[in-house]
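Residue-level listing of the chains:
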Amino acid sequence: MDKQISIEEAVAQVKDGMTVMIGGFLACGSPHRIIDALVQKGVKDLTIIANDTGFIDKGIGKLVVNGQVKKVVATHIGTNKETGRLMNEGKMEVVLVPQGTLAEQIRAAGAGLGGVLTPIGIGTPVAEGKDQLVIDGKTYLLEKPVKADIALIAGTKVDVKGNVFYREATQNFNPLMATAADLVIVEAGEVVEAGGIDPHLVMTPGLFVDYIVKA
Amino acid sequence: MDKQISIEEAVAQVKDGMTVMIGGFLACGSPHRIIDALVQKGVKDLTIIANDTGFIDKGIGKLVVNGQVKKVVATHIGTNKETGRLMNEGKMEVVLVPQGTLAEQIRAAGAGLGGVLTPIGIGTPVAEGKDQLVIDGKTYLLEKPVKADIALIAGTKVDVKGNVFYREATQNFNPLMATAADLVIVEAGEVVEAGGIDPHLVMTPGLFVDYIVKA
Amino acid sequence: MDAKEIIARRVAQEFKDGDAVNLGIGLPTMVPNFVEEGVELQLQSENGFMGIGPEPDEAHVDMDLVNAGGIPVTVVPGAAFFDSAASFGIIRGGHLDATVLGALQVDEEGNLANWMIPGKLVPGMGGAMDLVGGAKRVIVAMTHTAKGSPKILKKCTLPLTAAKKVSRIVTEMGVMDVTPQGLLLIEYNPEYTVEQIQAATEAKLTVSSQLKKMF
Amino acid sequence: MDAKEIIARRVAQEFKDGDAVNLGIGLPTMVPNFVEEGVELQLQSENGFMGIGPEPDEAHVDMDLVNAGGIPVTVVPGAAFFDSAASFGIIRGGHLDATVLGALQVDEEGNLANWMIPGKLVPGMGGAMDLVGGAKRVIVAMTHTAKGSPKILKKCTLPLTAAKKVSRIVTEMGVMDVTPQGLLLIEYNPEYTVEQIQAATEAKLTVSSQLKKMF
Numbered sequence: 000m001d002k003q004i005s006i007e008e009a010v011a012q013v014k015d016g017m018t019v020m021i022g023g024f025l026a027c028g029s030p031h032r033i034i035d036a037l038v039q040k041g042v043k044d045l046t047i048i049a050n051d052t053g054f055i056d057k058g059i060g061k062l063v064v065n066g067q068v069k070k071v072v073a074t075h076i077g078t079n080k081e082t083g084r085l086m087n088e089g090k091m092e093v094v095l096v097p098q099g100t101l102a103e104q105i106r107a108a109g110a111g112l113g114g115v116l117t118p119i120g121i122g123t124p125v126a127e128g129k130d131q132l133v134i135d136g137k138t139y140l141l142e143k144p145v146k147a148d149i150a151l152i153a154g155t156k157v158d159v160k161g162n163v164f165y166r167e168a169t170q171n172f173n174p175l176m177a178t179a180a181d182l183v184i185v186e187a188g189e190v191v192e193a194g195g196i197d198p199h200l201v202m203t204p205g206l207f208v209d210y211i212v213k214a
Numbered sequence: 000m001d002k003q004i005s006i007e008e009a010v011a012q013v014k015d016g017m018t019v020m021i022g023g024f025l026a027c028g029s030p031h032r033i034i035d036a037l038v039q040k041g042v043k044d045l046t047i048i049a050n051d052t053g054f055i056d057k058g059i060g061k062l063v064v065n066g067q068v069k070k071v072v073a074t075h076i077g078t079n080k081e082t083g084r085l086m087n088e089g090k091m092e093v094v095l096v097p098q099g100t101l102a103e104q105i106r107a108a109g110a111g112l113g114g115v116l117t118p119i120g121i122g123t124p125v126a127e128g129k130d131q132l133v134i135d136g137k138t139y140l141l142e143k144p145v146k147a148d149i150a151l152i153a154g155t156k157v158d159v160k161g162n163v164f165y166r167e168a169t170q171n172f173n174p175l176m177a178t179a180a181d182l183v184i185v186e187a188g189e190v191v192e193a194g195g196i197d198p199h200l201v202m203t204p205g206l207f208v209d210y211i212v213k214a
Numbered sequence: 000m001d002a003k004e005i006i007a008r009r010v011a012q013e014f015k016d017g018d019a020v021n022l023g024i025g026l027p028t029m030v031p032n033f034v035e036e037g038v039e040l041q042l043q044s045e046n047g048f049m050g051i052g053p054e055p056d057e058a059h060v061d062m063d064l065v066n067a068g069g070i071p072v073t074v075v076p077g078a079a080f081f082d083s084a085a086s087f088g089i090i091r092g093g094h095l096d097a098t099v100l101g102a103l104q105v106d107e108e109g110n111l112a113n114w115m116i117p118g119k120l121v122p123g124m125g126g127a128m129d130l131v132g133g134a135k136r137v138i139v140a141m142t143h144t145a146k147g148s149p150k151i152l153k154k155c156t157l158p159l160t161a162a163k164k165v166s167r168i169v170t171e172m173g174v175m176d177v178t179p180q181g182l183l184l185i186e187y188n189p190e191y192t193v194e195q196i197q198a199a200t201e202a203k204l205t206v207s208s209q210l211k212k213m214f
Numbered sequence: 000m001d002a003k004e005i006i007a008r009r010v011a012q013e014f015k016d017g018d019a020v021n022l023g024i025g026l027p028t029m030v031p032n033f034v035e036e037g038v039e040l041q042l043q044s045e046n047g048f049m050g051i052g053p054e055p056d057e058a059h060v061d062m063d064l065v066n067a068g069g070i071p072v073t074v075v076p077g078a079a080f081f082d083s084a085a086s087f088g089i090i091r092g093g094h095l096d097a098t099v100l101g102a103l104q105v106d107e108e109g110n111l112a113n114w115m116i117p118g119k120l121v122p123g124m125g126g127a128m129d130l131v132g133g134a135k136r137v138i139v140a141m142t143h144t145a146k147g148s149p150k151i152l153k154k155c156t157l158p159l160t161a162a163k164k165v166s167r168i169v170t171e172m173g174v175m176d177v178t179p180q181g182l183l184l185i186e187y188n189p190e191y192t193v194e195q196i197q198a199a200t201e202a203k204l205t206v207s208s209q210l211k212k213m214f
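Line order of the protein sequences matches chains A, B, C and D. Just so it is clear: in the first sequence, position 45 is 44 by numbering that gives the first Met the number 0, and no numbers are missing. Just so it is clear: in the second sequence, position 75 is 74 by numbering that gives the first Met the number 0, and no numbers are missing. Just so it is clear: in the third sequence, position 127 is 126 by numbering that gives the first Met the number 0, and no numbers are missing. Just so it is clear: in the fourth sequence, position 163 is 162 by numbering that gives the first Met the number 0, and no numbers are missing.
Be aware that a few hints might be false.
Claimed, not checked - Pairs of lysine-lysine, DSBU-like flavour, derived with a Cα cap of 35 Å:
hint : chain 1 : residue 1 : chain 2 : residue 2
1    : D       : Lys3      : A       : Lys80
2    : D       : Lys119    : A       : Lys80
3    : D       : Lys163    : A       : Lys146
4    : D       : Lys212    : D       : Lys146
5    : C       : Lys153    : B       : Lys80
6    : A       : Lys80     : A       : Lys90
7    : C       : Lys135    : A       : Lys213
8    : D       : Lys15     : D       : Lys203
9    : A       : Lys90     : A       : Lys14
10   : B       : Lys80     : C       : Lys211
Since the hints were made in silico from the structure, they are not lab data. Bear in mind that the values here come from a model prediction, so they are computed numbers and not experimental data.
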């Protein structure tokens, strides 16, 4: 049950046209080595689901700049001008989602729930075209679960069983994405033996992780 | 902002007729000292929301045996014969809920969501009288959020700001309940200074906790 | 070898190394004693952890670390602790390879009843509805009859735990798969004839063309 | 004292010791510099922690610990790290005493627009919709006008961030509350006359009978 693979084996899992979740928040807690290898490989027509598109020279932004992305589902694209330019020129589709909604949508997919009932977005463009439910007198948007073919996440310390510890603010979307993709690859800052992480500090249980790549 | 109070001050918050969440799983991770003080005080007509009703001589079960409970919302009552007896004699109302559903209902209340869309319970007595939604071809039950007047939880280590660390299997419903009640009291195995818990090990951030009682 | 051991030994053959499994209370907990060398299961305890280890000797009993039946256990290296929402996210989200549970009744459509006998015994469903509804495979492990009465029926008469979710039934008499055409007997205990097995079963058993001995 | 400092100083008076607050990017982050002695805020960073501390000196920059603007920060003793779902559970669930944000437009109904200018600037809403929708109090902190044009309108013309959620508006000219009867001017900067403030505001300002000076 050794989950460790090479960076080549990892990027080989990502095929043209796939839907890929990538962890991180403004490049903090993103799997940088895997992103760089994807840029090098040139896999294309990706749909990227992430909090943001990082920066033009850092994180997820590199894939955007390199023209590998067909569609982005994110909460914020303001730190990467190239995302906005490609969107405005109609060369890339961008779906903007409130951050808490995206987090819950991914969690819902991972937790086997049929959707998210949130008050956020009512009365805004976010609500357009979506079902609304009135529950006990209050109106909620029905937001659907969001899943992916592959989740690429980054962990500070990972044991050989795939248990992941995320340091400080690097957690963000990573543990959620680990639950919501058919295949999960974690880029590990450090790989340790089973038992090398205090079980109270495991933020993604190993059963969610398919492969481990050393950062 | 000192949140520490005496056991007398703590139980004084619990009034007749209130809806009270109590953490723990078969008495593991329950606030035993507060429960004992509630039994002694004799506060009555409580609605208890909990995973189970413990045992006749341990945990939440003591409140049931002492006739202080009007209604129980729980997932399992089999370890406390008195709960079943009072239910069968019509002296106490019991609502049984699938464990994952109860966890999500409490989480939904704490997280400002309008309900839980779960496939669990379809085709069983749990579905009776509840709305069902078909989302992308699959049927889900709409389960409403569950909140309480007071949550009584137990933590292994609590800092003066109310940050809580739960050891091993004592976590269970405690962190969820801490988010879903108007008032939250934690029974602390140990009280430490701010900074006395590694911020990665905080499982309930202090902002959720109103009062701390030493166990 | 008594009936329970026969069943547990046979269920143990269902797994491959690394499978994430939740074992119900009672007979199913015997299964790990019989998995073959080199197969390590990731055992979930739905009260809040992955990685159940052997029961401790008396000197090492730790009441913060109990399984979902309230019995003290240990954890293996590489375990992970979490709360009830995360635990049932794993379960409902389809992240368990299998769950093994007992049953009061199971029928030819794969319906399962194991949580209540109306007016008589109402322990509650605990986590059973989520487990049966969420696990990739649901294996019923039980004695073939109860005091001589069939438990494998044409149609369950007790309130269901979940509808049409059982994959396989393992008893001391044989192994049956739930198929769109009803129950298929794929293995039999050579101590019984196929006729005897059918006689102890209310549902019609189709005998597999590849029928083989359990041992 | 420049406009921004006036605003930040005044917003700082809104809080009492222990308040849990999320501060938007830019001007709002100046607020903690001006809270009075003895008032300690619990500052949330929506990318995943409670307890933002001061910015580190260059020698102590840690890129695993950045705020929601991607800027390196520190944490205070008694901080807590969590993932994005937990973070927005805090926000959406109403557990923040207040959020302080800038705005492109705000109107007399308490509507707020701060996430896009169609066809021009579409950075995305990030966490703003959740924050405005979820916090107990929404305080808009902004310069009164943009290049001489009013930002406080009868009705927002830009796509909304959230409808009817703003509690109070603090600018360098004064402090306005959103009431069912429209905007109530409760404080003014004595450098301006009430007439000047009204002239810089498109919405009609009702002057409070208890009108007082900001400083």
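Hint check results:
1. D:Lys3 with A:Lys80: Status holds; Cα separation ~27 Å.
2. D:Lys119 with A:Lys80: holds, 12 Å
3. D:Lys163 with A:Lys146: holds, 32 Å
4. D:Lys212 with D:Lys146: holds, 25 Å
5. C:Lys153 with B:Lys80: Holds. Lysine 153 (chain C) to lysine 80 (chain B) sits at ~32 Å (cutoff 35 Å).
6. A:Lys80 with A:Lys90: Within the cut-off at roughly 14 Å; holds.
7. C:Lys135 with A:Lys213: Holds, because 30 Å separates the two Cα atoms, which is no more than 35 Å.
8. D:Lys15 with D:Lys203: This hinted pair holds, its Cα atoms lying about 31 Å apart.
9. A:Lys90 with A:Lys14: Holds: lysine 90 (chain A) and lysine 14 (chain A) sit about 20 Å apart, inside 35 Å.
10. B:Lys80 with C:Lys211: Not satisfied, since the Cα-Cα distance of roughly 44 Å exceeds 35 Å.
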